[in-house]
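Assemble the whole structure, with the sequences as input and the hints as a guide.
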Amino acid sequence: MRPAHAPAARAFCVAFLAVFVLLGVIWAMDRTHRWATPRLEASFVPVRGESPRRATSRATWLMPIHPGCPSCMARARALSGEATNARIVFLVVDRSQPPPLLALSDLEAATIWWDSGGVWRHQWGHRVYGEILRFDSRGRYEETKPPDSAPVEGGEGE
Amino acid sequence: MNVQVTEDTMPRPRSFPWPYAAWALPFLLLYVEWSWWDVFVGELETNPTGIPMPIPAAAALAVCGKLLAHATEAAFYVLLWRARGARLPFWRFLSYVVAVSLADVFSFNLAQPFQNGGAPAWRVWLAGLHLASGTPFHDSPALRNAFGSIGLLTATRIAMTGITQAKGSGRSRFEALAWTVGVWLVTRIAVWWAFDLIRGMSPLGGG
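Respectively, the protein sequence lines represent chains A and B. Read in order, the letters of the first sequence are residues 1 to 158 in the numbering used here. Read in order, the letters of the second sequence are residues 159 to 365 in the numbering used here.
It should be emphasised that the hints constitute simulated quantities derived from the structure, not laboratory data.
Heads up, incomplete: computed chain B residues facing chain A, CB under 8 Å, no partners named:
{"hint": "1", "residue": "Arg240"}
{"hint": "2", "residue": "Ala241"}
{"hint": "3", "residue": "Val344"}
{"hint": "4", "residue": "Asp354"}
{"hint": "5", "residue": "Gly358"}
{"hint": "6", "residue": "Met359"}
{"hint": "7", "residue": "Ser360"}
{"hint": "8", "residue": "Pro361"}
Please read all numbers here as calculations on a predicted model, not as lab measurements. Backbone N, C-alpha and C fix where the C-beta goes; we use that ideal spot for every residue, glycine too.
Spelled out as structure tokens, the structure:
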């Protein structure tokens, strides 16, 4: 003997389980997907400063930013003031249109590129703004530092 | 014989009192919500999010979210028991869920001064394994958020939630506890997966 509301409640429980299983499938697909190793793509569109096609003898620190994200823009401002030998590049991501220069005006003396093709998200599989992708002087990918780590070794959080 | 049983004719539990006397209940709930607000203020002061609003207001918003989460949890168990042919009174159970969440508040307050490690063993056992050094929780923020809270206080909260459901639904403690632990596990695994999906290949710090 089951109460009248039981079928609806059972349907809810089945839906809950289905969502859980679906989440698991999406997670497994995401984790097993073969993402590309980050590299300094020639397809990045220069917004300010050096072109991505231009060779450099310095290491490169690439920080993905989005003008609509206050915390990552604050981190970008902090990074642009850091004293480091590396070339600092801000990569504007997740925008289908070129970034508004006004929103990037306080990133002084920095190179800014625009990821017009969504490479950072869709090919590399990265999703957190404000992280720092490090490349050596030959442009080879080394590592990614999380957003809450200190950008320069020896600093707070390292 | 096909007998349709409505909510009115569902078997009622023997006795499922409110957690406190009616006059004390608003004060208890206010105290719990204020405790959560205090926790969120501490968290936001320690880990600024960049949200463009004053910390007390952001914490108040977080408390509303917490209350909504408690209501969702209570509604979920009400539906779960209804699917299993038992009745669990929503508001009464919700008041227990809110009251029992004080265990989490206590856990947060115990963990707060030791976010960077160095917590004594008794705090680790009480507030959660995420405080212990040299565990997988330090390498994986997703795992830490999902299962780092495992400790005596979390176990107590789960047990209290299960026992309350047994009392409210009239079912056995074993059955209620088994469902509660199962649901807890499923939701924690979902948190783990969701965290991984949010971050993708990006590393997350905080360890």
